[in-house]
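Colleague: Position chain B against the provided structure of chain A, taking the given hints into account.
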Amino acid sequence: MSVAGLPNPPVFRFGPITRQDLVRYAGASGDFNPLHYDDQFARSAGLPGVMAHGMFSAGLLGSFLVSWVEDRRVRRFRLRFKAPVWPGDTLHATGSVVRTRRLEEGEVAELELKLARHDGSEVVTAIAEVQCP
Amino acid sequence: MNGDGEALLGEWTCPVEWGKVREFARAVHDPRLGREPPVPPLTFPVVLSAEFVERLVSELLPLDRKRTVHGEQDYEYLRPLQVGQVIKCTARILRDEVKQGQRAGRMRLVTVEVKLMDANSGETIGFERMTAIEQEAQTP
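First to last, the sequence lines map onto chains A and B. All you need for the working numbering is the position in the first sequence, starting with 1, plus 6. To convert, note that position 57 of the second sequence is 46 in the working numbering; the numbers rise steadily by one, no gaps.
Isolated chain A, as found in the complex (with noise of 0.2 Å):
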């Protein structure tokens, strides 16, 4: 059923998570912690091996929630990261319309969102805020 003139959030599968994915994701935001390309430093940390940019992981499900809606225009986008990424993991987007309110502006349609892998466990939540004209 579509709320606030939203359209259902589409199917967003991403992966798997590739090492070039990451260098790419390094080069284009200019995040060079080695935790993200140096096996060796990763594994000092105590990590198996590389982990993804949490922002890259961001990145994804901000690209799930433009192709949801669209032009809308995008007032809040909040994440919080809950477990890694590995090169391997594949993940999937998710989301739904949690409530709307009225404001001056026109409405208001907050959402919640979802990336999680494919046993279900999440990886990054987030709340978004978004105009309804």
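Since the hints were derived computationally from the structure, they do not count as laboratory data. This one's a predicted model, so the numbers in the text were calculated from it and none came from an experiment. Ideal Cβ placement from N, Cα and C applies to all residues, glycine included. Hints are all accurate, no fakes.
Examples of chain A residues toward chain B, derived with CB under 10 Å:
hint : residue
1    : Pro16
2    : Tyr31
3    : Ala48
4    : Leu53
5    : His59
6    : Ala64
7    : Gly65
8    : Leu67
9    : Gly68
10   : Arg81
11   : Leu85
12   : Arg86
13   : Ala134
Modeller: Leaving out everything else, chain B in the frame of chain A:
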């Protein structure tokens, strides 16, 4: 000092570059990739603050990367960010405290806010807030 009476941690200016927006949109698989002019993805402000965050982590705070995780990231947009704008950024610490963790030992929580303004019009575009969690070093 800013209006809230807190010391600014940093202040810099950075353009929203066409090529950089496209490169970032490609890296996060933004569905608007290919539009001209390119549309900055929601999390694009990380590009504007990358050099500052590097300095924040390695010098200003500093944090040990091997014991630090990214806890939260929050974007608040009053108006959209657009290619061609020059953005004036100011950063301040919202929180820097040590807490007792539920399972592991003590941890340091740091939240930094970057305010994004159009350098030409002076209008506020929005805020980027990031929270890092550093676990206390294990005593040998």
